[in-house]
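There are 2 protein chains.
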Amino acid sequence: MQTLHVELGDRRYPIFIGSELDPQALLEPYIHGKQVMVVSNTTVAPLYLQHYINAIEALGKKVATCILPDGEKYKDIQHLNLIFDALLEAGFNRDCTVLALGGGVIGDMTGFASACFQRGVYFIQVPTTLLSQVDSSVGGKTGINHPLGKNMIGAFQQPQVVLADMAQLKTLPPRELSAGLAEVIKYALLGDVEFLTWLEMHMEALVAGDATLLAEAVYRSCAHKARIVANDEKEQGERALLNLGHTFGHAIESYLGYGEWLHGEAVATGMVMAADLSHRMGWISTEDLERTKKIILRAQLPIVCPKIPLEEFLAYMSHDKKVLNGQLRLVLMKSLGQAIITKEFDVELMKQAILANQA
Amino acid sequence: MQTLHVELGDRRYPIFIGSELDPQALLEPYIHGKQVMVVSNTTVAPLYLQHYINAIEALGKKVATCILPDGEKYKDIQHLNLIFDALLEAGFNRDCTVLALGGGVIGDMTGFASACFQRGVYFIQVPTTLLSQVDSSVGGKTGINHPLGKNMIGAFQQPQVVLADMAQLKTLPPRELSAGLAEVIKYALLGDVEFLTWLEMHMEALVAGDATLLAEAVYRSCAHKARIVANDEKEQGERALLNLGHTFGHAIESYLGYGEWLHGEAVATGMVMAADLSHRMGWISTEDLERTKKIILRAQLPIVCPKIPLEEFLAYMSHDKKVLNGQLRLVLMKSLGQAIITKEFDVELMKQAILANQA
Ligand SMILES: NC(=O)c1ccc[n+]([C@@H]2O[C@H](COP(=O)([O-])OP(=O)(O)OC[C@H]3O[C@@H](n4cnc5c(N)ncnc54)[C@H](O)[C@@H]3O)[C@@H](O)[C@H]2O)c1
Ligand SMILES: NC(=O)c1ccc[n+]([C@@H]2O[C@H](COP(=O)([O-])OP(=O)(O)OC[C@H]3O[C@@H](n4cnc5c(N)ncnc54)[C@H](O)[C@@H]3O)[C@@H](O)[C@H]2O)c1
Ligand SMILES: [Zn+2]
Ligand SMILES: [Zn+2]
Numbered sequence: 001m002q003t004l005h006v007e008l009g010d011r012r013y014p015i016f017i018g019s020e021l022d023p024q025a026l027l028e029p030y031i032h033g034k035q036v037m038v039v040s041n042t043t044v045a046p047l048y049l050q051h052y053i054n055a056i057e058a059l060g061k062k063v064a065t066c067i068l069p070d071g072e073k074y075k076d077i078q079h080l081n082l083i084f085d086a087l088l089e090a091g092f093n094r095d096c097t098v099l100a101l102g103g104g105v106i107g108d109m110t111g112f113a114s115a116c117f118q119r120g121v122y123f124i125q126v127p128t129t130l131l132s133q134v135d136s137s138v139g140g141k142t143g144i145n146h147p148l149g150k151n152m153i154g155a156f157q158q159p160q161v162v163l164a165d166m167a168q169l170k171t172l173p174p175r176e177l178s179a180g181l182a183e184v185i186k187y188a189l190l191g192d193v194e195f196l197t198w199l200e201m202h203m204e205a206l207v208a209g210d211a212t213l214l215a216e217a218v219y220r221s222c223a224h225k226a227r228i229v230a231n232d233e234k235e236q237g238e239r240a241l242l243n244l245g246h247t248f249g250h251a252i253e254s255y256l257g258y259g260e261w262l263h264g265e266a267v268a269t270g271m272v273m274a275a276d277l278s279h280r281m282g283w284i285s286t287e288d289l290e291r292t293k294k295i296i297l298r299a300q301l302p303i304v305c306p307k308i309p310l311e312e313f314l315a316y317m318s319h320d321k322k323v324l325n326g327q328l329r330l331v332l333m334k335s336l337g338q339a340i341i342t343k344e345f346d347v348e349l350m351k352q353a354i355l356a357n358q359a
Numbered sequence: 001m002q003t004l005h006v007e008l009g010d011r012r013y014p015i016f017i018g019s020e021l022d023p024q025a026l027l028e029p030y031i032h033g034k035q036v037m038v039v040s041n042t043t044v045a046p047l048y049l050q051h052y053i054n055a056i057e058a059l060g061k062k063v064a065t066c067i068l069p070d071g072e073k074y075k076d077i078q079h080l081n082l083i084f085d086a087l088l089e090a091g092f093n094r095d096c097t098v099l100a101l102g103g104g105v106i107g108d109m110t111g112f113a114s115a116c117f118q119r120g121v122y123f124i125q126v127p128t129t130l131l132s133q134v135d136s137s138v139g140g141k142t143g144i145n146h147p148l149g150k151n152m153i154g155a156f157q158q159p160q161v162v163l164a165d166m167a168q169l170k171t172l173p174p175r176e177l178s179a180g181l182a183e184v185i186k187y188a189l190l191g192d193v194e195f196l197t198w199l200e201m202h203m204e205a206l207v208a209g210d211a212t213l214l215a216e217a218v219y220r221s222c223a224h225k226a227r228i229v230a231n232d233e234k235e236q237g238e239r240a241l242l243n244l245g246h247t248f249g250h251a252i253e254s255y256l257g258y259g260e261w262l263h264g265e266a267v268a269t270g271m272v273m274a275a276d277l278s279h280r281m282g283w284i285s286t287e288d289l290e291r292t293k294k295i296i297l298r299a300q301l302p303i304v305c306p307k308i309p310l311e312e313f314l315a316y317m318s319h320d321k322k323v324l325n326g327q328l329r330l331v332l333m334k335s336l337g338q339a340i341i342t343k344e345f346d347v348e349l350m351k352q353a354i355l356a357n358q359a
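In order, the protein sequence lines correspond to chains A and B. The first sequence: position 232 = 232 (UniProt numbering), numbered continuously. The second sequence: position 119 = 119 (UniProt numbering), numbered continuously.
Calculated from the structure, these hints are not laboratory results. Accuracy of the hints is not assured; some may be wrong.
Note that the list lumps identical chains together, so a pair holds whenever it fits in one copy or between two copies.
Keeping only pairs whose Cα atoms sit at most 20 angstroms apart, straight-line, the calculated DMTMM-like set for lysine to aspartate or glutamate is [as the list claims (entries may be wrong)]:
{"no.": "1", "residue 1": "Lys73", "residue 2": "Glu200"}
{"no.": "2", "residue 1": "Lys150", "residue 2": "Asp85"}
{"no.": "3", "residue 1": "Lys150", "residue 2": "Asp95"}
{"no.": "4", "residue 1": "Lys334", "residue 2": "Asp70"}
{"no.": "5", "residue 1": "Lys294", "residue 2": "Glu312"}
{"no.": "6", "residue 1": "Lys293", "residue 2": "Glu200"}
{"no.": "7", "residue 1": "Lys150", "residue 2": "Glu89"}
{"no.": "8", "residue 1": "Lys293", "residue 2": "Glu204"}
{"no.": "9", "residue 1": "Lys150", "residue 2": "Glu28"}
Produce the complete structure using the sequences and hints provided.
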């Protein structure tokens, strides 16, 4: 087991990363009060819920559960309210702990509920997808969707502790594992070429679910995000680097309709487009671009998207949050493994980069 | 006009207190971005909304509005969501400002919405009831009710600025003005006997709506709350003093059913019970108790509540949040104008104090 600390002053917290972690021992110091609400969904609960209930009850705590339907489309205010219902029906007070057991959807909703219940109670994350382990478990962003926009309503809420257990990834559908790998690759491309080399050595084993290697990948990914987030908790500057591939990816997701492609899949192709534009700008070499495509392909991720009319692609891109005062800012690679946030790019080259990576 | 600063480090903000304040000049430095959402209700909007729209538009800002139905029963998640709808339908982004124009209900809901929208945007309070001017505009507590409990869901969200305009109190129903005076009297009783003397000099003029005197009362009240809150933002200790009269009052409100008595009315009688118990404990004199009752009566507030079976009264009291680990803690007066939080009181004397102040 490895331990990583997210350094946020008095809200500093550890992420425990390993396989077959012991929740009883690891959670004990971080559960406040005597009441624990475990929030999960109908897919994850049958697999792992009982294990956590047993561990928490063995600590002498009262456990209640709230099982939500599975899916991004339930990440809304009505289903958030079900968590409040469960907390109040269980008679929980402001000295309780709320634990998220599931992927990013459950993590985001549960974290937000814990931020609002009684104006803030204790929160623990047990992310069960690779994506949530390497991404949503660090940074404190929580929230829900609104019909008019994703993640429009939420709070910054840091957990007390995160348990990232690789053994739980065994049941994850392969497509979901690959989607998580897209974000892993992102950390390498945006700031760590040595990590890219490491991924090139191990990609097939990662895709096959090797727990030791996955743990290492999660550790390195979280370390990158933790460092960036600690420098820029409220997303004023550097944190935007984490959006490498996301502005292009956002356009793909929006055009195809959310749910068609997984987020990680769209980000994968988006990173190819960002790399392609960085190449056209003369910042990375042909070899660098090919390395980028190859590692993404080996993670079983798409490097081209379906044909999307350019005008629509651009319109969706500019709906993205990285548009500051109407001027599009992109995360590009100044060199392989070194991303920058910039509005100094050639729009014609950007169009070429988009078109070159469509089917 | 007087200005009071609530000292909260980098979230320090001013409260402007006066009559016929100029919103254009006063708000200008505190509106962030170009988009302003004004949230109000169907009672307050016809009276004051246009005045604020004009002032904000004169500053070159885009104004949108969200008018909620009037009443505590609409302080729920469904109506909170209407604020999010309005923000997103207006196309507002994270660089917007949300202004609450109304009493405590509108202030609490709007503040909470501003805390959650895009994980936090700028918030301005224009409290239009005396109660919200002296109470909810200081301290940053925001939130909504749940069918299973009041103010169960919320956030700590500090405003950029508060405008407390006494001219707006002219339209306030007299009963609501008196309810606000209950909280004003509370500050005197819990920490400022000199303020009590001042109130004794001016109570009839305050009840009649004298703007200069009301402004002074609001200033002194906010100064007390601001000092206490600055010492104890997250309600760990001293802030509980602000609950003088509230544990008893809570039982009265709960028994009668919310909406029968105004909160301030229940607190008024609750303060009489707290004073009565403090007297029975030998802490304040008969004269002190009489002064307490008299100032409350002169504010047109009730000093006795309807007959409530003792068992039920006690049950409701212990549902109150001041119960820590099952042990009831009360805010009582060690001497007139000096409250303490204590569990060292005689339960039999408490019962006598409750029964002695029922009709
Ligand atoms: N808060 C943040 O910083 C942040 C960062 C990235 C993404 N997100 C959010 O995370 C969400 C996406 O997260 P996700 O990719 O984890 O999706 P998800 O939570 O929908 O999980 C994907 C699927 O895998 C299932 N699943 C989860 N764990 C499993 C397991 N161990 N075995 C079998 N099946 C399992 C889920 O039930 C679901 O069907 C989005 O809502 C996104 O907005 C948040
Ligand atoms: N956040 C806090 O710290 C805090 C503190 C105390 C109370 N509160 C909350 O505040 C609420 C009570 O506030 P309230 O007493 O202001 O009630 P309120 O907001 O319901 O206002 C009382 C009535 O007066 C009307 N009104 C408001 N301003 C008016 C004006 N200028 N002229 C005519 N009518 C006017 C309102 O429409 C309403 O009908 C409760 O929900 C309570 O939980 C919050
Ligand atoms: Zn992502
Ligand atoms: Zn009160």
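Evaluated hints:
no. : hint            : result
1   : Lys73 x Glu200  : neither (35 angstroms within a copy, 59 angstroms between copies)
2   : Lys150 x Asp85  : between (23 angstroms within a copy, 13 angstroms between copies)
3   : Lys150 x Asp95  : between (31 angstroms within a copy, 17 angstroms between copies)
4   : Lys334 x Asp70  : neither (40 angstroms within a copy, 56 angstroms between copies)
5   : Lys294 x Glu312 : neither (28 angstroms within a copy, 72 angstroms between copies)
6   : Lys293 x Glu200 : within (12 angstroms within a copy, 80 angstroms between copies)
7   : Lys150 x Glu89  : between (29 angstroms within a copy, 14 angstroms between copies)
8   : Lys293 x Glu204 : within (15 angstroms within a copy, 80 angstroms between copies)
9   : Lys150 x Glu28  : neither (34 angstroms within a copy, 31 angstroms between copies)
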